[in-house]
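Start from the sequences, fold in the hints, and give me the full structure.
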Amino acid sequence: MTGGSALPFGGSLGVWLAIVLIGLATYGFRLSFIYLFGRIDEVPPRIKRPLRYVPPAVLAALVLPDLVTIRPSVAATLVDERLIAGAVAGVIAWRTENVMATIGAGMATLWLFRFVVFA
Amino acid sequence: MTVDGASPDGNSPDGTPFDSDVWAGVRDVSPLLLGIAPFALVAGIAAVNAGLGLAEAVGMSVIVFAGASQLAAIELIGANAPLAVVIGTAVVINVRMVMYSASIAPHFADYGRKLRAGLAYVLTDQAYALSVAEFEANPERSRWRYYVGAAAALWVVWQVGTVVGVVVGAGVPDAWGLTFAVPLVFLALLVPAMKDRPTTAAGVGGGAIAVAAAGLPLNLGLLVGAVSGIVVGLLTEVFGE
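From first to last, the protein sequence lines are chains B and D. Going by this note's numbering, the first residue of the first sequence is number 1, and it counts up by one from there. Going by this note's numbering, the first residue of the second sequence is number 120, and it counts up by one from there.
Rather than coming from a laboratory, the hints here were simulated on the basis of the structure. It should be emphasised that the depicted structure is a prediction, and the values quoted were computed from it without experimental measurement. All C-beta atoms in this analysis are idealised placements derived from N, C-alpha and C, irrespective of residue type, glycine included. There could be a bad hint or two in this list.
Across the chosen pairs, the derived CB separations fall in these ranges [unchecked claim]: (1) D/293 / B/108: 13 to 23 Å; (2) D/252 / B/38: 19 to 29 Å; (3) B/76 / D/354: 29 to 39 Å; (4) D/283 / B/97: 16 to 26 Å; (5) B/108 / D/240: 33 to 43 Å; (6) D/150 / B/70: 37 to 47 Å; (7) D/150 / B/71: 37 to 47 Å; (8) D/225 / B/104: 35 to 45 Å; (9) B/46 / D/174: 34 to 44 Å; (10) B/24 / D/279: 19 to 29 Å; (11) B/70 / D/314: 24 to 34 Å; (12) D/337 / B/24: 20 to 30 Å.
Simulated coverage check for chain B against chain D, where a stretch passes if three residues somewhere in it have a Cβ under 8 Å from a Cβ of chain D [said to hold, decoys possible]: (13) 22-36; (14) 50-63; (15) 75-88.
Listed below in structure tokens is the structure:
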């Protein structure tokens with residue numbers, strides 16, 4: 001976290017360049033078959049099959065490094081407020097499939113361990 | 120084939136956009152907005168914490184308009200990752216839109232190019248899933264009007280939520296760790312995405328490799344983990360029987 005004012009990443013110009021290029025690529029994906037329909041009606045199976053695994057693979061790769069940091073000992077790796085909060089939130093996500101309940105449970109557990117248990 | 124993108128499609132003879140089909144889309148998407156609102160707030164909060172300003176945060180929400188990729192990009196920007204890694208990671212996350220585009224394309228085939236170009240801009244996981252289900256259940260429905268009703272409601276909530284998140288995020292002490300809400304949002308999306316053995320393997324593999332690769336230079340860990348997870352899912356599908 002850098003606070004509110006620093007301009008990371010080569011300054012604001014770099015940020016805008018990233019935004020525009022990501023936006024263009026994403027729009028291209030969205031438009032692809034909507035535009036091409038009539039010429040290409042079906043996604044070729046060779047493209048379709050890997051696409052099925054994009055959401056779970058990407059989401060897990062986003063989540064786990066924020067919850068787990070590999071430390072020299074197993075105990076030090078496991079006794080981590082983020083991992084405990086993530087485990088609680090994971091159970092809530094599984095039982096409720098509710099975004100708000102998952103955020104609420106995870107943040108409450110994080111604060112409990114940060115400000116009370118480990119304080 | 121209608122050439123004029125804005126012409127009525129025959130299902131709504133009054134020709135006004137604000138008719139019952141639009142409102143049906145708004146109505147059906149309303150429960151999903153409850154899940155999108157906190158997601159948008161988190162996008163705004165995370166943007167502030169990564170050092171982005173209001174203009175950049177809102178600019179990203181308007182130009183990219185795809186939550187998971189925005190949060191990943193914001194996280195990488197905050198970590199000073201190289202431009203190519205930020206873009207590459209976001210692009211991998213959004214490539215799934217090709218699937219949605221292909222799946223919804225037959226429903227939009229009769230519309231003109233301009234209308235289709237506009238409809239594509241607001242294509243999201245939620246608008247796609249809701250609309251395709253409705254088109255199959257209710258063929259009488261004006262497709263573009265229903266879709267626009269759902270998609271526009273999502274768009275408005277996403278933009279308003281981003282702005283509120285930027286304002287709120289700027290006023291909350293760092294110690295509260297509000298950016299921890301980012302992995303929690305993804306967790307809420309990840310759990311239902313792991314619905315069978317290959318998708319679960321893709322999630323477990325992608326997550327484990329991303330943790331192991333967290334120390335890679337250039338913040339390549341996320342990209343390496345995501346691509347590895349896709350491969351693990353495919354291998355499980357092929358060799359899992």
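Check: Broken hints, numbered, in rising order?
Finding: Nothing - there is no hint that the structure violates, so all of them hold.
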